[in-house]
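Use these hints to put chain P onto chain B, whose structure you have.
2 protein chains.
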Amino acid sequence: MPRVQVGMWVKNEGEIEMVVMSKRFLVEENWQVQGLRMGQEMEAHYMLGLALLQRQEYAEGIKALEKALDLGRGANPASYMVEEIWQELAKAKYSEWEHLSHARIERLDVLREACVKALGSQRMHGVSRVIGLSNEAEGDPEQLKHLSEVFRKAAEADIPSEVPDHLCCKITLDIFRDPVITPSGITYERAVLLGHLQKVGKFDPVTREPLNQHQLVPNLAIKEAVRAYLDEHGWAYKLN
Amino acid sequence: MPRVQVGMWVKNEGEIEMVVMSKRFLVEENWQVQGLRMGQEMEAHYMLGLALLQRQEYAEGIKALEKALDLGRGANPASYMVEEIWQELAKAKYSEWEHLSHARIERLDVLREACVKALGSQRMHGVSRVIGLSNEAEGDPEQLKHLSEVFRKAAEADIPSEVPDHLCCKITLDIFRDPVITPSGITYERAVLLGHLQKVGKFDPVTREPLNQHQLVPNLAIKEAVRAYLDEHGWAYKLN
Chain B
1 MPRVQVGMWV KNEGEIEMVV MSKRFLVEEN WQVQGLRMGQ EMEAHYMLGL
51 ALLQRQEYAE GIKALEKALD LGRGANPASY MVEEIWQELA KAKYSEWEHL
101 SHARIERLDV LREACVKALG SQRMHGVSRV IGLSNEAEGD PEQLKHLSEV
151 FRKAAEADIP SEVPDHLCCK ITLDIFRDPV ITPSGITYER AVLLGHLQKV
201 GKFDPVTREP LNQHQLVPNL AIKEAVRAYL DEHGWAYKLN
Chain P
241 MPRVQVGMWV KNEGEIEMVV MSKRFLVEEN WQVQGLRMGQ EMEAHYMLGL
291 ALLQRQEYAE GIKALEKALD LGRGANPASY MVEEIWQELA KAKYSEWEHL
341 SHARIERLDV LREACVKALG SQRMHGVSRV IGLSNEAEGD PEQLKHLSEV
391 FRKAAEADIP SEVPDHLCCK ITLDIFRDPV ITPSGITYER AVLLGHLQKV
441 GKFDPVTREP LNQHQLVPNL AIKEAVRAYL DEHGWAYKLN
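Going line by line, the protein sequences match chains B and P. In this text, residue positions in the first sequence follow the working numbering: the first is 1, and each later residue adds one. In this text, residue positions in the second sequence follow the working numbering: the first is 241, and each later residue adds one.
Just so you know, the hints here were simulated from the structure itself, not pulled from any lab data. One should not assume that every hint holds.
List of simulated lysine to aspartate or glutamate pairs, DMTMM-like, C-alpha gap at most 20 Å [said to hold, decoys possible]: (1) LYS153(B) to GLU472(P); (2) LYS410(P) to GLU224(B); (3) LYS463(P) to GLU323(P); (4) LYS153(B) to GLU389(P); (5) LYS393(P) to GLU382(P); (6) LYS153(B) to ASP349(P); (7) LYS117(B) to GLU382(P); (8) LYS153(B) to GLU396(P); (9) LYS153(B) to GLU353(P); (10) LYS393(P) to GLU106(B); (11) LYS385(P) to ASP109(B); (12) LYS170(B) to GLU464(P); (13) LYS393(P) to ASP109(B); (14) LYS393(P) to GLU113(B); (15) LYS153(B) to ASP471(P); (16) LYS145(B) to GLU353(P); (17) LYS331(P) to ASP310(P); (18) LYS117(B) to GLU353(P); (19) LYS153(B) to GLU346(P); (20) LYS393(P) to ASP231(B); (21) LYS67(B) to ASP231(B); (22) LYS463(P) to GLU224(B); (23) LYS357(P) to ASP140(B); (24) LYS357(P) to GLU113(B); (25) LYS393(P) to ASP158(B); (26) LYS385(P) to GLU106(B); (27) LYS153(B) to ASP398(P); (28) LYS357(P) to GLU142(B); (29) LYS223(B) to GLU464(P).
Label pairs and their calculated CB-CB ranges [said to hold, decoys possible]: (30) SER95(B) to GLU297(P): 48 to 56 Å; (31) ASN452(P) to ALA78(B): 23 to 31 Å; (32) MET38(B) to ASP405(P): 24 to 32 Å; (33) SER319(P) to MET38(B): 42 to 50 Å; (34) ASN452(P) to ARG107(B): 52 to 60 Å; (35) PRO141(B) to VAL446(P): 52 to 60 Å; (36) GLU449(P) to HIS99(B): 39 to 47 Å; (37) ASP380(P) to ARG123(B): 16 to 24 Å; (38) ARG392(P) to GLY201(B): 51 to 59 Å; (39) SER388(P) to PRO210(B): 52 to 60 Å; (40) GLU162(B) to LYS442(P): 37 to 45 Å.
Computed from a predicted model, the values in this text were never measured in an experiment. The beta-carbon is built from N, C-alpha and C at its ideal position, and this holds for glycine as well.
Isolated chain B (complex conformation) (with noise of 0.2 Å):
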């Protein structure tokens, strides 16, 4: 069986190359029964991840990263393996959204523009036609006006705008990744919360009542929400 070294980050192709192939191997034989940890489990499906995407396989690649930031959070939350795995996770998508949604706008022009030319033209063959009148077919300013709104509505959800406040935490202000409720019924992002608690003090950062961890309790549909709407705006992947 071969043995790779996973607490190590290899990030030059060659080497990922190899990685990917004992990874592969690994997860083929079902690797979790060899007495591997958690945290070594973790990290296998985070460069695992990392490879496929330098080899572009980006949904392969995707899904082994959040494989990992799964097991990461299992493991522990708060950690710095978290947020990195979160980091490249969320670089990942935000490509991924920058490439498609680049393709979608080209397309909308294209056509709009077609249609302001075609409804302009069509005005023109409507009026009589008037020796010294501009060759620049213009449609009615109205009809142009509302063709505008219809096709920025079209685009809306691939341009970039303002995460609605109640999928941002209350301290961080970004979008949740593991959004947790206090019994104030307040809900912030688990990791900055549980800094808060291990180094501010035991209380709810916005009510200020008595707080204590063990009384987090995971926010599973504000969870579902966030990723509905990440799916449907990626731009809000990009990070600060």
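Coordinates of chain P only, in the frame set by chain B:
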């Protein structure tokens, strides 16, 4: 000071007129401090809301019903009155959406047809005219398909579909009104979960973990997510 019988449901127009005037007087006089119980305050806002809706003052009527709902939930979230007020509020919101969306969709249809016609006639001018060719100009099928997609996307929020699962109670399958989260991280409709705890047993309906009423926490972020969703998708106010 005028006294009004607020415990009686008066629904014909003349009576409502009178109730509205009296209620307005009460509200202006800051009647909360005059010793009316919270139940009566709720009823007053409820009657005021119904009357304003009858007079087609939608915005104000909806505001009064929302106030009544807040007061009613404060007193007894699982009461018959809270359900009744919600039903009236949902009806009003649905009518408001129906009215506005009808106008929006009609306007979109006019523009879409104008685009289809203009693209078609431009295409006809672009190709050499053949005698015997249909007079009906038709655009490029690919282009027309994309145009349909664009207009469908622009109208999307106005087309009734499925409310996302994370905004619906696991028991009722209806969109949340007053969501509460349990220690298992699952969110339920408050009145329905209270009914379950009282009539079925003191356990979480999904996980079957022991559960007491005092462990319920309002899921404020999901409440806000529902509000935002309903603002965009008024059809979701439709009652089953």
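Indices of hints not satisfied (ascending) | No hint contradicted; all consistent.
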